[in-house]
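Student: Read off the chains here:
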Amino acid sequence: MNFDPRFSGRKFTSVGTRPIRPDGVDKVTGRARYGADFNMAGQLVGRILRSPHAHARIIKIDTSKAEKLAGVKAVITAADLPDLTNGDAAMYDVLDNCMARTKALYDGHAVAAVAAIDARTARQALKLIEVEYELLPHVTDVDEAAKHKAPLINDAIFTEGLEEKPVKPSNVTKRSQFGHGDVHQGFGQADFIVERSFKTEQTHQGYIEPHACVANFSSDGTADLWVCTQGHFVYRQHCAQLLGMEASKLRVTSSEIGGGFGGKTHVWAEPVALALSRKAGRPVKLVMTRDEVFRASGPTSATSIDVKIGARKDGTITAAEATLRYSCGPYAGSWAEIGAMTAFACYKLDNVKTVGYEVLVNRPKTAAYRAPSAPMAAFAVESAVDELAKMIGMDPVDFRIKNAAQEGTRSSYGPVYGPIGIGPTLEAVKSHPHMKAPLGENQGRGMACGFWFNFGGQTCTDLNIGMDGSVSLAVGTVDVGGSRASLSLVAAEELGIAYEHVKAVVADTSSLGYNDMTDGSRGTFSSSMATISAARNAIKILRERAAQMWDIAVDDVVWEMGHAVAKGEKHGNLGKLSLKEIAVESGKTGGPIAGHSELVADGAGVSFATHICDIEVDPETGATRVIRYTVVQDAGKAVHPTYVEGQYQGGAAQGIGWALNEEYIYGKDGRLQNPGFLDYRIPVCSDLPMIDTQILEIPNPNHPYGVRGVGETSIVPPLAAIANAVSNAAGVRMTHIPMSPPRILAAIEAEREWSK
Amino acid sequence: MVEVTLWGSLGALAGGNSKVEIEAKDIRELFRKLAEQYPGLEPWIDKGIAVAIDGTIYRDTWSKELPQGAEIFLLPRLAGG
Numbered sequence: 001m002n003f004d005p006r007f008s009g010r011k012f013t014s015v016g017t018r019p020i021r022p023d024g025v026d027k028v029t030g031r032a033r034y035g036a037d038f039n040m041a042g043q044l045v046g047r048i049l050r051s052p053h054a055h056a057r058i059i060k061i062d063t064s065k066a067e068k069l070a071g072v073k074a075v076i077t078a079a080d081l082p083d084l085t086n087g088d089a090a091m092y093d094v095l096d097n098c099m100a101r102t103k104a105l106y107d108g109h110a111v112a113a114v115a116a117i118d119a120r121t122a123r124q125a126l127k128l129i130e131v132e133y134e135l136l137p138h139v140t141d142v143d144e145a146a147k148h149k150a151p152l153i154n155d156a157i158f159t160e161g162l163e164e165k166p167v168k169p170s171n172v173t174k175r176s177q178f179g180h181g182d183v184h185q186g187f188g189q190a191d192f193i194v195e196r197s198f199k200t201e202q203t204h205q206g207y208i209e210p211h212a213c214v215a216n217f218s219s220d221g222t223a224d225l226w227v228c229t230q231g232h233f234v235y236r237q238h239c240a241q242l243l244g245m246e247a248s249k250l251r252v253t254s255s256e257i258g259g260g261f262g263g264k265t266h267v268w269a270e271p272v273a274l275a276l277s278r279k280a281g282r283p284v285k286l287v288m289t290r291d292e293v294f295r296a297s298g299p300t301s302a303t304s305i306d307v308k309i310g311a312r313k314d315g316t317i318t319a320a321e322a323t324l325r326y327s328c329g330p331y332a333g334s335w336a337e338i339g340a341m342t343a344f345a346c347y348k349l350d351n352v353k354t355v356g357y358e359v360l361v362n363r364p365k366t367a368a369y370r371a372p373s374a375p376m377a378a379f380a381v382e383s384a385v386d387e388l389a390k391m392i393g394m395d396p397v398d399f400r401i402k403n404a405a406q407e408g409t410r411s412s413y414g415p416v417y418g419p420i421g422i423g424p425t426l427e428a429v430k431s432h433p434h435m436k437a438p439l440g441e442n443q444g445r446g447m448a449c450g451f452w453f454n455f456g457g458q459t460c461t462d463l464n465i466g467m468d469g470s471v472s473l474a475v476g477t478v479d480v481g482g483s484r485a486s487l488s489l490v491a492a493e494e495l496g497i498a499y500e501h502v503k504a505v506v507a508d509t510s511s512l513g514y515n516d517m518t519d520g521s522r523g524t525f526s527s528s529m530a531t532i533s534a535a536r537n538a539i540k541i542l543r544e545r546a547a548q549m550w551d552i553a554v555d556d557v558v559w560e561m562g563h564a565v566a567k568g569e570k571h572g573n574l575g576k577l578s579l580k581e582i583a584v585e586s587g588k589t590g591g592p593i594a595g596h597s598e599l600v601a602d603g604a605g606v607s608f609a610t611h612i613c614d615i616e617v618d619p620e621t622g623a624t625r626v627i628r629y630t631v632v633q634d635a636g637k638a639v640h641p642t643y644v645e646g647q648y649q650g651g652a653a654q655g656i657g658w659a660l661n662e663e664y665i666y667g668k669d670g671r672l673q674n675p676g677f678l679d680y681r682i683p684v685c686s687d688l689p690m691i692d693t694q695i696l697e698i699p700n701p702n703h704p705y706g707v708r709g710v711g712e713t714s715i716v717p718p719l720a721a722i723a724n725a726v727s728n729a730a731g732v733r734m735t736h737i738p739m740s741p742p743r744i745l746a747a748i749e750a751e752r753e754w755s756k
Numbered sequence: 001m002v003e004v005t006l007w008g009s010l011g012a013l014a015g016g017n018s019k020v021e022i023e024a025k026d027i028r029e030l031f032r033k034l035a036e037q038y039p040g041l042e043p044w045i046d047k048g049i050a051v052a053i054d055g056t057i058y059r060d061t062w063s064k065e066l067p068q069g070a071e072i073f074l075l076p077r078l079a080g081g
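Chains A and B are the protein sequences, given in the same order. Read left to right, the first sequence gives residues 1 to 756 (our numbering). Read left to right, the second sequence gives residues 1 to 81 (our numbering).
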């Protein structure tokens with residue numbers, strides 16, 4: 001690290017303003033180029049043949065008829081993507097998911113692919129591929145899959161994390177545990193205990209843009225990949241490893257991205273496109289249909305969670321415990337582990353224990369979805385917290401304030417917190433007008449808290465100053481939520497120039513050092529740190545050039561508000577030199593002026609949010625309407641507040657869909673019944689109220705500007721906030737997400753029946 | 001000498017110890033000595049472990065110093081969306 005990352009408390013000029021988004025015009029006019037918008041001369045159409053079975057051994061694949069079809073230029077199977085993973089189990093799973101090797105593990109699993117001169121020929125070719133399957137028993141439900149008698153998905157997997165190595169294989173791949181204190185003793189001190197079980201169904205990130213790429217493999221062994229991704233450097237690593245290439249021989253260019261939310265953090269079809277291009281000797285374009293996106297990209301886990309929380313009469317929580325079972329698809333993952341870490345992170349607890357179980361099922365490979373695993377855990381915990389507050393007779397906000405974690409609290413996942421924002425978000429909610437607004441008939445209000453870690457990671461940035469004084473900023477983190485604007489603001493802030501003079505681009509993998517992907521809410525956090533560092537390196541050169549222009553010692557030159565200023569009595573007659581004036585002379589003073597930075601951005605501050613939601617429930621049909629929604633979240637420092645508000649609103653909107661409607665529905669045959677937006681219902685504008693936001697700024701001590709990530713935390717509280725609102729409106733505790741009308745109606749009717 | 005706390009699953013691989021004392025000045029030395037003393041931890045270290053120092057989470061940056069008296073907590077490397 002070549003600069004001090006600690007929070008400096010500086011006053012800002014550019015940071016915190018709301019300039020017009022630099023990518024806005026192209027996006028609203030259709031000029032912006034997304035994954036499917038790239039084309040090359042002579043490109044072929046790639047299509048993938050997918051298993052119609054949930055679990056089946058592949059006995060034989062005969063591609064001969066497809067290969068003979070006129071217009072077909074390449075047909076591939078797993079034989080064309082040999083295992084080059086060298087014992088890397090996680091990458092082997094990625095490879096097997098891209099193209100099934102011995103077994104099809106879910107409905108939609110790729111088994112072969114073709115490249116043809118047009119889509120019609122490609123589709124015909126797929127029909128000519130003959131696959132002989134031996135059907136195997138399947139399991140798609142997380143609780144069923146965890147049972148001893150469940151059909152075994154991978155007989156080489158033995159549960160990790162047990163004290164003794166098990167003698168039999170299992171669909172439970174790992175047990176993880178977190179906590180401190182003695183929960184048994186803690187529950188003994190409780191006057192009230194709530195104990196409940198909750199379920200959440202599997203959901204998809206629902207990004208509007210499907211996975212899309214164009215691969216062009218040259219006969220000299222190099223290749224280009226144009227792709228929609230959250231991390232083009234990561235895609236390069238994955239594809240190079242799976243194709244047996246040196247990373248430098250594969251140039252990956254990221255397109256604009258029409259949503260990722262974690263689903264575009266590892267490869268799905270890209271190695272297939274490259275393998276097809278390598279075999280055909282021509283560029284291959286491969287775009288997933290919506291059906292394929294649902295069936296064969298990575299949704300989030302389905303979960304089953306047991307929660308037990310105890311508290312004294314005065315409202316102090318004495319113990320909290322949760323057991324979390326998360327589905328992983330057919331490959332090992334660590335999704336329940338994250339749920340176990342985040343479940344009770346909002347609270348100050350002397351006695352806490354969480355246990356996570358990762359469970360294999362015959363569903364698509366689980367992928368990250370915005371604060372992965374945290375929303376489901378928060379749903380269970382915050383529902384129980386609400387119920388416990390009611391049982392004690394305390395206001396739910398006051399109950400949470402009394403038990404909220406604060407600086408110095410040992411977190412439920414282990415370390416002691418530094419300065420954090422859960423308390424302030426709760427106080428802001430307590431005094432928010434929304435909490436006092438009257439409710440109508442059949443309406444209920446709910447609120448809930450949420451936590452997410454936020455990450456940093458490897459980051460590399462180039463800042464180049466043109467001879468006209470304008471600035472080009474090349475970053476390696478894909479812009480998923482406005483980072484080009486926020487990073488331009490940061491560059492302008494450091495250099496002391498106007499935002500309009502900075503143009504940020506996402507550089508390709510051959511133009512910049514390695515960058516981790518844009519995940520973990522790290523884009524603006526990490527790349528702003530690298531941008532600050534790069535700008536300061538450029539300023540060092542600007543000072544040297546100014547010293548040369550003035551013919552004075554560089555130590556006498558300081559940088560103030562975009563100008564070189566000569567300090568000292570003997571330089572009193574020298575005026576200021578602007579960045580532009582120095583840049584114009586750069587050809588004579590040593591050549592181009594640039595600043596470079598490569599670093600590992602550490603110290604991403606954890607983030608908290610509290611949401612409020614009003615829901616109206618129709619007791620006759622179970623239909624719901626979101627009346628009002630408010631997000632309060634700590635941003636550390638909002639670099640571009642409009643984008644921050646957008647992240648808050650986006651998380652809430654996705655959470656509303658997840659809570660009320662979205663779910664993967666499987667038939668008894670193990671096939672997905674609703675792989676399309678007509679049957680898998682994400683919220684549209686008419687489903688949503690205006691989502692109000694309130695940004696809190698509790699500076700992250702480990703970032704020069706105090707920045708924390710903001711992209712993910714906003715999806716953590718909605719499931720719980722909405723469940724609490726629906727439960728209050730309907731008069732019955734909802735324990736199963738999504739709370740679709742039939743499920744709400746069934747709960748209301750069961751409650752009526754029970755009350756008789 | 002720093003005291004290192006291991007998360008539940010990792011402690012089981014270190015002979016059931018949730019806390020271990022290690023003479024280490026930085027993350028590199030910490031990982032090397034942990035692997036020497038508790039070979040069961042080595043595959044986990046290779047896969048990637050995060051180190052929380054006084055509540056701030058760092059990745060496996062070798063040069064990161066471990067201040068005397070600091071709270072050192074090992075955590076799983078996480079995925080984000």
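There could be a bad hint or two in this list.
[Unchecked claim] Below, computed lysine-lysine pairings styled on DSSO-like, alpha-carbon distance capped at 27 Å: (1) B:19 <-> A:165; (2) A:540 <-> B:64; (3) B:19 <-> A:168; (4) B:47 <-> A:165.
[As the list claims (entries may be wrong)] Stretch-level coverage of chain B by chain A, calculated; a stretch enters the list once three of its residues show a Cβ under 8 Å from a Cβ in chain A: (5) 7 to 19; (6) 22 to 28; (7) 33 to 40; (8) 58 to 67.
Since the hints were made in silico from the structure, they are not lab data. All C-beta atoms, glycine included, are put in the ideal place defined by N, C-alpha and C.
Student: Give a verdict on every hint.
Tutor: We went through each hint and held it up to the structure:
For the hint linking residue 19 (chain B) to residue 165 (chain A), the alpha-carbon distance of about 22 Å falls within 27 Å, and the restraint holds. At roughly 26 Å between alpha-carbon atoms, residue 540 (chain A) and residue 64 (chain B) fall within 27 Å of each other, so this suggested pair holds. A C-alpha spacing of about 31 Å is found between residue 19 (chain B) and residue 168 (chain A), which places the hinted pair above 27 Å, so the restraint is violated. Between the alpha carbons of residue 47 (chain B) and residue 165 (chain A) the distance comes to roughly 20 Å, so the proposed pair stays at or under 27 Å and holds.
For a cut-off of 8 Å, the count of residues in the region 7 to 19 of chain B with a CB near a CB of chain A stands at 4, and the three-residue condition holds. Against chain A, the region 22 to 28 of chain B contributes 0 residues with a C-beta closer than 8 Å to a partner C-beta. That does not satisfy the three-residue criterion, and the hint is violated. Residues of the region 33 to 40 of chain B with a Cβ under 8 Å from some Cβ of chain A number 0, which does not satisfy the need for three, so the listed coverage is violated. Residues of the region 58 to 67 of chain B lying with their CB closer than 8 Å to a CB of chain A number 4, which satisfies the three-residue condition for coverage.
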